[in-house]
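There are 2 protein chains.
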Amino acid sequence: MTTDSPWLAQGEAKRQSILDAIPAKWRLADPAPPATELRDVTGSYIQQYLSEREIEITESDAVDIAAQTTTGRWSAVEVTEAFCHRAALAHQLVSCLHEIFFDAAIEDAKKLDAYFAEHKGPIGPLHGLPVSLKDQFHVKGVETTMGYVGWIGTFQGKKNDHRFRTEESELVRELRNLGAVLYCKTSVPATLMAGETVNNIIGYTWNPKNRLLSCGGSSGGEGALIALRGSPAGFGTDIGGSVRIPAGFNYLYGLRPSSGRMPYQGAANSMDGQSTILSVIGPLAPTARSLTLLFKAVLSQQPWYHDPLVLELPWRDTVVEETRSWIEQAKAGKSTLAFGIMHWDGIARVHPPIARGLRIVEQTLKRLGHKVVPWSPPSHAIAGTLGHQAFNMDGGADLKHHFSLSGESKAAQIIINDGESISMTELAALNVAKREYQKQYMDYWNSTAELTGTGRPVDGLFCPLAPHAAVIPNEYHYVGYTSFVNVLDYTSVAVPVTFADKNVDVRSADAESAEHVEWKYHADTYHGAPVGVQFVGRRLQEEKMLTLTEYLGDEITKTVGAQ
Amino acid sequence: MTTDSPWLAQGEAKRQSILDAIPAKWRLADPAPPATELRDVTGSYIQQYLSEREIEITESDAVDIAAQTTTGRWSAVEVTEAFCHRAALAHQLVSCLHEIFFDAAIEDAKKLDAYFAEHKGPIGPLHGLPVSLKDQFHVKGVETTMGYVGWIGTFQGKKNDHRFRTEESELVRELRNLGAVLYCKTSVPATLMAGETVNNIIGYTWNPKNRLLSCGGSSGGEGALIALRGSPAGFGTDIGGSVRIPAGFNYLYGLRPSSGRMPYQGAANSMDGQSTILSVIGPLAPTARSLTLLFKAVLSQQPWYHDPLVLELPWRDTVVEETRSWIEQAKAGKSTLAFGIMHWDGIARVHPPIARGLRIVEQTLKRLGHKVVPWSPPSHAIAGTLGHQAFNMDGGADLKHHFSLSGESKAAQIIINDGESISMTELAALNVAKREYQKQYMDYWNSTAELTGTGRPVDGLFCPLAPHAAVIPNEYHYVGYTSFVNVLDYTSVAVPVTFADKNVDVRSADAESAEHVEWKYHADTYHGAPVGVQFVGRRLQEEKMLTLTEYLGDEITKTVGAQ
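Those sequence lines, one after another, are chains A and B. Counting in my numbering, the first sequence runs from 59 upward without gaps. Counting in my numbering, the second sequence runs from 59 upward without gaps.
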């Protein structure tokens, strides 16, 4: 630390203050063994610090917890304390939190318990459920750094702004209405534009299943925290894969809804006002039904009356019912469901664990009698270019400004280049090119109606969400598997499948000879990393995709279990 | 005409070719008397050229016509010929057409009749209904100039483009599926960015009710044609008022839906790719129920599967039913409806006929027992600035390019300035400012729940749509009454109320003394001009607003009739 780099000290002080917010009783006396000796700190490793009761609570999913807390069987305080404890442990193991406000959470939980006692019922469908938040959401009494040292002690980098520690984002307001308990905010890469989570405050957030690897990004703290069951469910954001990547890298489900469903109003963001590809909010959780619980609960708050970018589109039960009727028909042996599978996109070869994950999915779909259609879409290279141009339209001006506030260094993993801003005429051309690509993809999707035999186009598309199962630090070179969905603005769900296995996932001769881009696959390093895939649906089809995910996720797990 | 200005000859040749497309039997032997002698060419004036049967057909509204043509009582050919005839007359009276393709229309009508004969039923809900189109929609076999001389003989200004005369816009494809007959395209101001309709091809489109005045713009040809009943209904587009202005100026209803409902895919546009304020498609017609017919019919084609910007939001009958139940309660003397009224926006004083129009509306609402709430919104000056910045973001580059194709002159009425393009950072700030304004307006709207006594905020807002009833050429100086709706992306319907009356609409002493902007009111010149107002609803509430408009439009007419 030199006087030339005061940001180092500022980051260090903030890092220490996060640790200091952990009650002494929950501090680890000894650090965990190095990752080279012990990769996986989930499961029995973290359980050693918890009581049986805490394990019972924190390893229940959000649906089961809410079933207990909304009926008064579990108190909000007990549940909140259990998750605070486990989140504190998680942070000490993989460095996944930016803000800790356990005291406020326990106060809130006490009020919820009092409410329940008085009214003999819950305040809302999430009564007493702890929910974690990516560090973009403003919570009263708590600061938001979004990983920037220059934001410490400010409101989004603005000093002496009356909104500092007084604002709440719209999503936070709605979660409180619903009865959720807020207790921590999770780590992100500064700028949010990276597939790993690294910044000059908390350092690097590691993958709890394999601490040699990244937890993903940019909602990486969410992924790591939930993987360790330090949270039953949380909200991230996704502009190029930032919900799906950490979900997939941590054996979680994660939803990237189409834009216009979840309220972004009043949340911090990067490149705010860039409207070619909008960042969206989505939930992450260990079970698909937890995503449904959270997504549906937020919609019940009618966010379209509080956020001008949200569409008046309530949760559509009719779509759920129709989708379930197709599932029932399939279970009765007469499937009318059909799915596309894209094993790779013609640009970036995937590592053997991902290829195997997709084979497991294909095997599952066929076992269930669903039609599987190979996917030959308009070139994903076009989507990749469009996404790159959109993210870089300001030549990196926004992020340069925020880094300059403290003078801090920029992590190598950030995908925004130093460059020239484009002109209005170039932007218009970009927006037209994006729309034309969306139209081509839409027409292609429609065209599959001729192949499915169901009278409809495919009901969803399975494809990789990254070339690798989690990733070796600094080895995330291709985000095209997730960002094409953002260009299209489609619904997409990250679905956990299996874990990388060095004994099974050996590199094939075929892959070796491929002339396509392929990055280092180290079977040993990746061993144990979660393998997630992506399940993509059409724009705004969140109800359908969540319903199908609940069904197919369980069936994929059965396939893996039977192997 | 000089060799320096070949565009004059090109425009003249195109103008003549439009007239030449009118069959000899439908050409007027004598021109109409000058406007100074005869302002109004609607009604009995145009009727003199038509048979009783033609008058019966062309003065039926779209709903009545469709009731006849979808049941085989009227043939598509007879209806089409009647409208072709009347459209030909309309064009000769006020210069409202850019393209005439009557022969193709009659061929299409013959096929529809044959279809009906064979299948004993209609091809769709618009079977045999002629529908006019603003000259932005591509129709096979027909060119699209959008008022630019430089587009003559090209595809959107591109020479030797294979799409020239071969493309059809998505809306056109859907209208054909629905059974509509397409027969003409209507005049626009080149650039579409004007409240009057003037270009170097057809010259100036006049207001049929008062030919001293403008028909409005930019969907001015639609307004004029439908006012003369040369079309029962048509589609325009609206980025700053371009559907509502010509509707209001021509005693018509016109809907500006929120963005994302009607398919713009494959239509020509100005400043395509400018995505801060999107132009939207909306219908114009003499009756409110005709708007509903067209809007609902297009949605039945599921445009969200064919246009990436359309939302998966089918026509919502449940909203119609709920709205109707409120109307029924009101009719039973227990109104639970409440409306805002904004008599002026604090920026531009309105002329006496418009002020009277709003008093008629207020009187109607009170007579019906509805709560009327005064409107004190966030400053509309902010909306005006945001709209101006959005429309001018490219410094006029797009329109300069298209004018330069022929070297033609730019009309004075066009609201885009020659200026500098803004930067990406400025654009981002503009997009954020727009969203913040939308949020403020939304919060204000919500806040009216405390004033209505209905438990809901106001169900709609009545306000001016322009400071004047139609407009004296070159006197349209303030589009803020319509453009604030585009900034907000709200649903808005132009509603006809009455006609300017020089004996009633005298300038008040109060208005004289006002220090606010006010433009010349010539009671005599404006005499007879239609007075329309605007009925604004929240974003994406088209079903509710159309249902309320059908009800309130009739009641407003009753109020006027009783005076």
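These are calculated hints, taken from the structure and not from any lab test. Please note: incorrect hints may appear among the correct ones.
Put simply, identical chains are the same to the list, so a pair is met inside one copy or across any two.
Derived lysine-lysine pairs resembling BS3-like cross-links, with alpha carbons at most 30 Å apart [to be verified]: (1) Lys497 / Lys217; (2) Lys424 / Lys560; (3) Lys602 / Lys354; (4) Lys578 / Lys468; (5) Lys83 / Lys169.
All values reported here derive from a predicted model rather than from experimental measurement.
Each hint, compared with the structure:
1. Lys497 / Lys217: between (45 Å within a copy, 24 Å between copies)
2. Lys424 / Lys560: The answer is within: 26 Å in one copy meets 30 Å, while 78 Å across copies does not.
3. Lys602 / Lys354: both (13 Å within a copy, 24 Å between copies)
4. Lys578 / Lys468: Answer is within; shortest intra-copy Cα gap is 24 Å, inter-copy 60 Å.
5. Lys83 / Lys169: Answer is within; shortest intra-copy Cα gap is 24 Å, inter-copy 83 Å.
Checked against the numbered hints above, the structure violates none of them.
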